[in-house]
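Student: Build out the structure end to end from the sequences listed, making use of the hints.
Just so you know, the protein sequences line up as chains V and D, in that order.
In this text, residue positions in the first sequence follow our numbering: the first is 143, and each later residue adds one.
In this text, residue positions in the second sequence follow our numbering: the first is 8, and each later residue adds one.
These aren't lab readings, by the way, just hints derived from the structure by calculation.
C-beta atoms are modelled at their ideal positions from N, C-alpha and C, and glycine is treated no differently.
Possibly wrong hints are sitting among the right ones.
Claimed, not checked - Computed list of lysine-lysine pairs in DSS-like fashion (alpha-carbon distance at most 30 angstroms, straight line):
#1 V/Lys-327 / D/Lys-278
#2 V/Lys-346 / V/Lys-327
#3 V/Lys-152 / D/Lys-114
#4 D/Lys-282 / V/Lys-327
Claimed, not checked - Selected chain D positions facing chain V (Cβ under 10 angstroms, derived; list incomplete):
#5 Ala-40
#6 Ser-44
#7 Ala-107
#8 Arg-118
#9 Arg-136
#10 Ile-144
#11 Tyr-223
#12 Thr-285
Stated by the list, open to error - Just a sample of chain D residues kept apart from chain V, beta carbon distances all over 12 angstroms, derived:
#13 Thr-70
#14 Gly-82
#15 Phe-108
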Amino acid sequence: MQQRAVFSGKLLPLLLLLPQIAVTLVFFFWPASQAIMQSVLQEDPFGLSSKLIWFDNFIEVFGNPDYLNSLWVTVLFSGSVSLLSLSIGLFLALQADRIVHGAVVYNTMLVWPYAISAAVAGVLWLFLFNPTIGIVAFALARLGYDWNHLLNSGEAMTLVIAAATWNRVPYNFLFFLAGLQSIPKSLVEASAIDGAGRFSRFWKIVFPLLMPTTFFLVVVNVVYAFFETFGVIHQITEGGPARATEILVYKVFYDGVIGLDLGGSAAQSVVLMTIVIALTVIQFRYIESKVNY
Amino acid sequence: MIDQSPWERIFTHGVLILGCLIVAFPVYVTFVASTHSIEDIIQVPMPLLPGGHLIDNYWTALTSGADSAGNAPVGVMMLNSLIMAVTIAVGKISVSILAAFAIVYFKFPFRMFFFWMIFVTLMLPVEVRIIPTYAVISDLGMLDSYAGLTLPLIASATATFLFRQFFMTVPEELFHAARIDGAGPIRFLCSIIIPMSRTNIAALFVILFIYGWNQYLWPLLITTREDMYTILIGINRMLNVGDDQADWHIIMATSILAMIPPVIVVVSMQKLFIKGMTETEK
Chain V
143 MQQRAVFSGK LLPLLLLLPQ IAVTLVFFFW PASQAIMQSV LQEDPFGLSS
193 KLIWFDNFIE VFGNPDYLNS LWVTVLFSGS VSLLSLSIGL FLALQADRIV
243 HGAVVYNTML VWPYAISAAV AGVLWLFLFN PTIGIVAFAL ARLGYDWNHL
293 LNSGEAMTLV IAAATWNRVP YNFLFFLAGL QSIPKSLVEA SAIDGAGRFS
343 RFWKIVFPLL MPTTFFLVVV NVVYAFFETF GVIHQITEGG PARATEILVY
393 KVFYDGVIGL DLGGSAAQSV VLMTIVIALT VIQFRYIESK VNY
Chain D
8 MIDQSPWERI FTHGVLILGC LIVAFPVYVT FVASTHSIED IIQVPMPLLP
58 GGHLIDNYWT ALTSGADSAG NAPVGVMMLN SLIMAVTIAV GKISVSILAA
108 FAIVYFKFPF RMFFFWMIFV TLMLPVEVRI IPTYAVISDL GMLDSYAGLT
158 LPLIASATAT FLFRQFFMTV PEELFHAARI DGAGPIRFLC SIIIPMSRTN
208 IAALFVILFI YGWNQYLWPL LITTREDMYT ILIGINRMLN VGDDQADWHI
258 IMATSILAMI PPVIVVVSMQ KLFIKGMTET EK
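Tutor: Below, the structure is given as structure tokens:
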């Protein structure tokens, strides 16, 4: 980090930093270290003493079929939500980028649902697909399909993926559109003059130039699908039926709050932290390499 | 401009209109349901045009909530959500301006240590450390309090990072000019840096307000009293009625109420919002 001209004084900067350091210590480092402690300790049933059991909690977590199931559910769910919302967002952004008149109207109409929280998105989709009163469930029944996501795990998964994707498309649309608008029009026009068709213009010119945006969005979308979709899952399925939609963050919540298994929940938190840190490192590496060339 | 055939143009508009309709459909159905009585909603299929219970339903929701959820008024919950969103936005912005200013404009012992201490929190959302953070809040006696609702969400470095990046682009000449005119650090911060950061602060406020309003998992854990529920928690409590018929007309009205403030913020401040999004998140 380059150093620029600075004020002198040692006490004032520390005072300015104090609020941030204080909240970070109390609400970040303290709980994070507690999580790591709890994950390698075992408390006796009365909570009077605890002994070091090293990685037993982790071995137990990874040996637990429910956890492996949850891991698989998370991969399936996050993968589908990221892939779908990215492709739909990009597709809509490509169309919106072509619009000459009235673009603002489309943009507003497609962006505002970003403001809807995942928990509310969950309620809206739950209401549409409610097996007894939902309007879409009714339409499906008319078509001869008996929808019940409370019993059918495939339908439950489809529903939470649809709700989360719906909730996420505006975000990706916004970023892809900003990315597209920053591509110089002359490049695309030059390739059109050289006779490139619509598809080769997209794959050979536009898409490579969008790579930085896409990469950033992939990481951010995976993080979104891992954590912020808690509201969707909690409102629609509560992880059911039979754990079919129990993503990792829901399982941490369930085991810790309802199951009161603090050691196991802490070990799961540590695993989650590791995943997020790994994603962050990948992203920073990428941004650095982008700056260099 | 590359010429488009009329068919291409029709296709483009068709796709976008379809996209807008799919995006709007669930919200439309919710709005329609919020204007009907419960009897109209549970008869299958429910009507697809607005009914006459709009004022009734919203008034009931705001003042006395759903029967099935202990009649906790949604008005109070909206106030809680508002306090939470504004506190998080204002708190995070103030804390991070000060911290970023100290890091960029001072040289002091352990500067890099503090820098990394703050930035290591960049991408660890509260969801990851949820149970231990809950334990800390409970040890501090902050369950069911605004401090407990907001402080752990303020402990993150995103805003600090943004302000640091911005301060580094402020021309050094301004710093020297201010020094020559005899301005100390606080005067420099208040008279030059903060006014220059106005749009950044506003954009960040928009993003953080939406972020705070839409928090779900955290308030779900630490609010147990009805008068501390945020509106999203209230909706969840109304849904959890076991085998009883949920009060869908009230739930739908409450869902619309939960959407209104953040949607107004996004639509009315679209430029700032897009600036905030594309600059804070990268």
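Student: Please name the hints from earlier in the document that this structure breaks, with their numbers sorted from lowest to highest.
Tutor: As far as the earlier hints go, 6, 15 are violated by this structure, in ascending order.
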